[in-house]
Amino acid sequence: MYNNMGPQPGMPRPPGNPQPGPFGNPFTGAGSGFIRGGLGAYGERILGSSSEYVQSNISRYFSDPQYYFQVNDQYVRNKLKVVLFPFLHRGHWTRISEPVGGRLSYKPPIYDINAPDLYIPFMAFGTYVVLAGLSLGLNGKFTPEALNWLFVKGLVGWFLQVMLLKVTLLSLGSGEAPLLDIVAYGGYAFAGLCLAGFSKIMWGYSYYALMPWTCLCTGIFLVKTMKRVLFAEVRSYDSSKHHYLLLFLALVQFPLLIWLGNISVNWLF
Amino acid sequence: MTKDFAVPPVVFPTGGSSGGANVQQRRFAPIPFQQPPPSSSSQIPFLSFNMGSAAASSATQAGPFGGTISSSSSFGGGSPSFEDEEPLLDELGIHPDQIWKKTRSILNPFRINQTVHKDSDLSGPIFLYLALCLFQLLAGKIQFGVILGWIVVSSIFLYVVFNMLAGRNGNLNLHTCTSLVGYCLLPVVVLSAVSLFVPQGAGVVKYVLAGVFVLWSTRACSTLVVSLADGGEEHRGLIAYACFLIYTLFSLLVIF
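Those sequence lines, one after another, are chains A and B.
For the first sequence, position 136 (counting from the first letter as 1) is numbered 136 according to full-length UniProt numbering, and the numbering increases by one without interruption.
For the second sequence, position 223 (counting from the first letter as 1) is numbered 223 according to full-length UniProt numbering, and the numbering increases by one without interruption.
In short, the hints are calculated from the structure, not lab data.
Derived DSS-like pairs: lysine-lysine, alpha-carbon spacing no greater than 25 Å straight-line: (1) B:K206 - A:K141; (2) B:K141 - B:K206; (3) A:K227 - A:K107; (4) A:K107 - A:K224; (5) A:K153 - A:K141; (6) A:K141 - B:K141.
My request is simple: use the sequences and hints to build the entire structure.
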């Protein structure tokens, strides 16, 4: 019923007051077994000032979420430029990898403009919800419940994007890219949506020019990124099948983003 | 019952006799079969206004009930221990002067005193939440549950974003986060009070006002959060944007 800002995929909510108090650090106490299993790798990090890294099963399904938040101002600005104007990006699109402990891992977003991050998708999603509320209000149709439904609509749209990307990856190969990577790529569409939404508020008719632009840009961005991901993950390169699927990916952006950008009280349409 | 019970000394404000079983003073008389009180509260006699007469009449019931009656009558207190009790507000943890100091520190939009906010409390935010709900009620919108839910969710949001951005050495905890988000709602409360008086047709004035107050809120919140918890210094802008989103959401409730 309440507006859920900032969705956290799989991240458990911290259980109330996290101060250890007179009972010491909760992770070394008697309940540590349950807490470790339940809260997983990022329990310590979320719940306060501990500095241990807790290994658990969850880290196998969600790669370390801390990696996606190593961002700074400059990265955010440049990444937004890449997402909103992908054809202006002069450099290459591959992620820089470095050997860490025998395994190949990618550099964090601060050092690599092509690395995905989760800060921009979350903030873009929040901005989308706020802008949607604003445009509802300017048309005189604002109620908190309508805003909640818009939030749900945004979540569904994000989920559909992730499904689309995941299906593309699966049908072309192993589909072994980390889930949070795909969630991040799916969330970048909201940045373009926010731009379109903002222009709709400023001047109504510019929306009809900016919306196809946003769809196109998001399509190009996703195609270029997925091409690199597929290159890295998939062993056999079947050229025509690849290209058709990537084209399909870009074309599906149009109905999806138009649906997401159409803000009205009836959330489904 | 031949056991000799030690009757604790009783001091009456009206200067009555000590330990007397006077009929007129029966309400204040100590219970005759009372066991010696536990050592922790040895100075407070176990008296009760209601239990005194009943206990004195059932004087034959001794030891097994004495314990329960003394423990149940202890919370009633007696008039001699009334001065020993903490004042109600202290017991509840509400310190009005601290709340006032914290609120006043946010009232100045240009210079925010951070030391006052070092120990977080939740009673100030609850008071501000009630004030916001009151002004919304005056505007005809009943949004008690909505505002409370949004405060909870947005403080969790800010908590997660700050700790994720700050990395290993981020130590914002949820109590402080909620306290800060709540106190920085003050400009939104002022906005809702002011917008009660803005005439109906002037939409632009409302938006401009809302913008000013939201920026004030954002500045206060991000400054406080960054200065009170480690690890946020190089991410000021990013955290400020998160705070901006939160307070814009609240201002939407006020404007529309």
